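K.L.:
Read off the chains here:
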Amino acid sequence: MNWDLIIFYYLAIVMIFSSVFAIFSRHPVYTVLLVLVMIIHQAFLLLTLGAEFLTVVQIIVYAGAILVLFLFVVYLINLRKETKKSVFIRTVSLIGIVFLLLGGLLIKNLLILLSLKPSFKAYLPFTIEEKSNVWWIANYLFKNYLLQFEIIGVVLLVAILGAVFLIRKVKIVEQK
Amino acid sequence: MPTLEYYIILSIILFLIGLFGFLSRRNLIVILISIEIMLNGLIILFAAISYFTKDISGYIIVFFIIAMAAAEAAIGLSLVVLIYKRLRTVYSDEITNFKG
Chain U
1 MNWDLIIFYY LAIVMIFSSV FAIFSRHPVY TVLLVLVMII HQAFLLLTLG AEFLTVVQII
61 VYAGAILVLF LFVVYLINLR KETKKSVFIR TVSLIGIVFL LLGGLLIKNL LILLSLKPSF
121 KAYLPFTIEE KSNVWWIANY LFKNYLLQFE IIGVVLLVAI LGAVFLIRKV KIVEQK
Chain Y
1 MPTLEYYIIL SIILFLIGLF GFLSRRNLIV ILISIEIMLN GLIILFAAIS YFTKDISGYI
61 IVFFIIAMAA AEAAIGLSLV VLIYKRLRTV YSDEITNFKG
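As they're listed, the protein sequences go chains U and Y. For the first sequence, position 35 matches number 35 in my numbering, and the numbering has no gaps at all. For the second sequence, position 23 matches number 23 in my numbering, and the numbering has no gaps at all.
Quick list of the computed label-pair ranges, beta carbon to beta carbon: (1) LEU100(U) - ASP55(Y): 31 to 41 angstroms; (2) LEU79(Y) - VAL68(U): 12 to 22 angstroms; (3) VAL155(U) - SER92(Y): 22 to 32 angstroms; (4) GLY104(U) - LYS85(Y): 34 to 44 angstroms; (5) ILE95(Y) - LEU161(U): 21 to 31 angstroms; (6) ILE112(U) - MET1(Y): 21 to 31 angstroms.
It is worth saying that the hints were derived from the structure and are not from the lab. In this text, all values refer to a predicted model and were calculated from it rather than measured experimentally. Ideal Cβ positions, reconstructed from N, Cα and C, are used throughout, including at glycine.
One chain only, chain U, in its complex shape (with noise of 0.2 angstroms):
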């Protein structure tokens, strides 16, 4: 058991478990703050990975503006008391089983393709020609994708032009 594998453990446990009370809490304000440690987590995952700079972008984009977004939907919507009733439709229970045959069906099966080969070597291979990893993401992003790194910025153009549509002032139809 070396510092690798615990550290692995720790992270994994961790993020398994504050998603899985995320989905099972009763209050959307929990449910932000259970996510927010869960990527904060995975963000130190992707340290593991030797991906520095994705860890800052995880960081800022999905801690920083993406939770607080979600938080601040939340605290514009004032939900009701809904204690009485479940969290859950109606048909959670026959979900929940054919969720739990899934994931144990596909993890069986992954282990089992998995085993037939010589598994992967860990490899850093961005520390060997004395670059950093930032230098290397900047590379190949600015000379082979850089067609798919305009077009992202379309989409996020788009989006804001898309929320700006959506919530602008509407004439609100009385239904009876």
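Since the structure of chain U is provided, determine the placement of chain Y on it from the hints.
P.N.:
Frame of chain U, contents of chain Y only:
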């Protein structure tokens, strides 16, 4: 050192947790957060495969996934706010306008 199987199993577990929440919760905001959990499972999968096969393209795809998640959260949350303004509810089983 944890091998690739550990990361793949972790990503599958996170993806299934997110898919379960997406299919079974009533609150629309929690449904959108479940999509984020599923995307995080995919991020772990791409980053782990990129690390173990020494190919940089997985990291680039993770970068694009994070940007796409930001756009998806903005559009989804604006739709939730619009549904709340129209119908005064965010619970998916109370939105019954299409029931004829």
